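Sequence order for the protein chains is A and B.
No gaps in the numbering here: position 161 of the first sequence is 1490 in this note's numbering, and each next residue is one more.
No gaps in the numbering here: position 34 of the second sequence is 1363 in this note's numbering, and each next residue is one more.
Because the hints were derived from the structure by calculation, they are not lab data.
Only a predicted model underlies this, so the values are computations on that prediction, with no experimental measurement involved.
A hint or two may mislead.
Which copy? The list can't say, so a pair holds if one copy fits it or any two copies do.
Derived SDA-like pairs (lysine to any residue); straight-line CA-CA distance at most 20 Å [stated by the list, open to error]: (1) K1648 <-> L1333; (2) K1555 <-> A1585; (3) K1635 <-> S1689; (4) K1698 <-> I1468; (5) K1566 <-> N1499; (6) K1698 <-> S1525; (7) K1635 <-> D1688; (8) K1679 <-> E1332; (9) K1635 <-> S1503; (10) K1648 <-> E1332; (11) K1509 <-> G1541; (12) K1698 <-> S1629; (13) K1435 <-> A1491; (14) K1648 <-> I1473; (15) K1390 <-> V1510.
Single-letter residue listing:
2 protein chains.
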Amino acid sequence: MTELRLGVIGGGQLARMMTPPAINLGINIKVLAEAEGSSAALATTQVGDYNQLSVVREFAKTVDVITFDHEHVPLAVLEALEAEGVSVQPPSKALAFAQNKLSMRKRLGALGMPMPDWAEIQDAATLSAFIEAHDGVAILKTPIGGYDGKGVRVVRSAEDAADWLANLANFGGSLLAEEKVDFVRELAQLSARRPSGEFLAWPLVETQQENGVCSVVLAPAPEVSKATLDTTAEIAKAVAEGLGVTGVLSVEMFEARDGRILINELAMRPHNSGHFSIEGSVTSQFEQHIRAVLDLPLGSTQPHAKHAVMVNLLGVDDKNDFIQAYGSALAAHPEAKVHTYGKSARAGRKMGHVTVIGDSAAHALAEAKGAAAVLLRG
Amino acid sequence: MTELRLGVIGGGQLARMMTPPAINLGINIKVLAEAEGSSAALATTQVGDYNQLSVVREFAKTVDVITFDHEHVPLAVLEALEAEGVSVQPPSKALAFAQNKLSMRKRLGALGMPMPDWAEIQDAATLSAFIEAHDGVAILKTPIGGYDGKGVRVVRSAEDAADWLANLANFGGSLLAEEKVDFVRELAQLSARRPSGEFLAWPLVETQQENGVCSVVLAPAPEVSKATLDTTAEIAKAVAEGLGVTGVLSVEMFEARDGRILINELAMRPHNSGHFSIEGSVTSQFEQHIRAVLDLPLGSTQPHAKHAVMVNLLGVDDKNDFIQAYGSALAAHPEAKVHTYGKSARAGRKMGHVTVIGDSAAHALAEAKGAAAVLLRG
Chain A
1330 MTELRLGVIG GGQLARMMTP PAINLGINIK VLAEAEGSSA ALATTQVGDY NQLSVVREFA
1390 KTVDVITFDH EHVPLAVLEA LEAEGVSVQP PSKALAFAQN KLSMRKRLGA LGMPMPDWAE
1450 IQDAATLSAF IEAHDGVAIL KTPIGGYDGK GVRVVRSAED AADWLANLAN FGGSLLAEEK
1510 VDFVRELAQL SARRPSGEFL AWPLVETQQE NGVCSVVLAP APEVSKATLD TTAEIAKAVA
1570 EGLGVTGVLS VEMFEARDGR ILINELAMRP HNSGHFSIEG SVTSQFEQHI RAVLDLPLGS
1630 TQPHAKHAVM VNLLGVDDKN DFIQAYGSAL AAHPEAKVHT YGKSARAGRK MGHVTVIGDS
1690 AAHALAEAKG AAAVLLRG
Chain B
1330 MTELRLGVIG GGQLARMMTP PAINLGINIK VLAEAEGSSA ALATTQVGDY NQLSVVREFA
1390 KTVDVITFDH EHVPLAVLEA LEAEGVSVQP PSKALAFAQN KLSMRKRLGA LGMPMPDWAE
1450 IQDAATLSAF IEAHDGVAIL KTPIGGYDGK GVRVVRSAED AADWLANLAN FGGSLLAEEK
1510 VDFVRELAQL SARRPSGEFL AWPLVETQQE NGVCSVVLAP APEVSKATLD TTAEIAKAVA
1570 EGLGVTGVLS VEMFEARDGR ILINELAMRP HNSGHFSIEG SVTSQFEQHI RAVLDLPLGS
1630 TQPHAKHAVM VNLLGVDDKN DFIQAYGSAL AAHPEAKVHT YGKSARAGRK MGHVTVIGDS
1690 AAHALAEAKG AAAVLLRG
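In isolation and in its complexed conformation, chain A is listed as follows (with noise of 0.2 Å):
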């Protein structure tokens, strides 16, 4: 057999969502997992520790390449395996933005991408200048280790963050202060990058957020001009390019009221902006990432439908696993595709998704609405 053998570092639900297009592609797909029984267990083959190199170097000697299902192996590890001649997919040039969200507005700015205005916090005064330039609030992030509304704080004053900056060492020596930006909605667009350079994107998407964690996307985002749809298009490949992204990239991005475009997060990996490609588009975000990071041809990103709504399932305590009400939603809502991550319960965990395609958008909308509500009624 000369098939090809993808590593994925990390046993979540994106390793997981990887695993059928491999299965389909012929790809042979092998896990380095945290812990047994991950989301990810079917395709685990080592179960380790991704913050040691000897434990990730094994690994990598069973693989063709190495990518990702989250993005905190250390630059270090991911370093030393690239001298030693290893693929790793998206590099660690580029995980380098993705890790550090300073270093990211510094290489966004670099490439003259739209931001938010920013600022390097190491000190009170600088702080509160900056607060006090943007209508007396801010966004403070550490620049390392948030996730999902983790390491986000809004501030309206110095004291706000006394915490934060009395320990800044733990953050890098640095924090990210960011205008509070004033949009109508927020937008995310997909898109992937193989190492010998093409490109290509999905349709822009609109998605919302509850208490900072994604809940609903639409594809494609309603109603947007043509100067967004290309100025967001233009914004995915010149930050794929620019920050050397190999892999899927999803921009997740701010549409301001004065009609702004400005890139909020990255994430060099699939993302839960794209869940919806997997029954809305011919080939799907985790089929893409394979093909792009094994440097394969991409495959189309057009539609099935005119449109796909895909809504989270987030945990509601430590009893509801999805399960129980599993056979009450597929029966009330058989176009629903229901996906569980075979997680246990507990409380804001991203469970699961539901997704439903068609030539309606509302009637998607309502269809997948539809089927959270009864399973996350339990």
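Chain A is already provided as a structure; the job is to place chain B on it using the hints.
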């Protein structure tokens, strides 16, 4: 976790293709494979001989339902498990008809289903008389163990079957003679049925065979009369209910030159005629089979596009495993969904398939055949 556990006996490509929807649905899939390194290796939890009750019983203890990649598990093994309270879907009483073509013909006859003329053959004289009564030709089948053109022979005299007639005990004591139907094409009606009775069909498809093996499937079948659609839908439901089938059922039929629709073969599992549904339908045959055998509500069988075309990848030699030309095929055919089954190369072996969906049947066929041609060249 209250997750549902699906047990599949057999590690072929059908078990392999059940794995992606099991992952998506959050169903814990386990496979009892004949050997290590099967097509369904990723989901394999046990390797052993399915002819041995002790082996299958051990496997059954780890799952909520037993279903199948193939139809070869001895009825005695399944009956013993059923007596012990194991859920076997489809049940042994249905599989009895799938395992013996003569029993199937008798049962279909009792249900009044349209079939080619047929006769049970236990001696040369009866066969000679059947051939004489049918324009000097008959299709002779071994009732047990045939598939993909094996165990089937065109005979023009009893002498053509002398070897089979001399060894009747090998075939359960009888052969099955059937009228050689003058057909204009072959059709297949895919459907699924739950133990609790819910039944749902996909659109009728046309299947094209080469040397007795499925080569191309057109979904939906082109230019079918309303009468034929009604007839084939009625047949599928009557067969599923009349034979007590659960899970996916494929009814393969001839469209005779004289307009008759005649049942050729039955498959009580996901079937080559339904591979198009992975991309072509809101619910694929593999997802539906899982839902059906677990007695979960069935999903919509609506198409994702006007047309879906599937082309099989049959092995050309012992070298081309369809990986070498992978990149070239994907590059030239970005709409094509290429599936490979992780099998070592062998001439004539079902190694994979390609599906293309879209508004134009001609375009989909050309793209699917184009991608297959690149892969076949190696």
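Contradicted hints - numbers only: Numbers 4, 5, 6, 9, 13, 14 and 15, in rising order.
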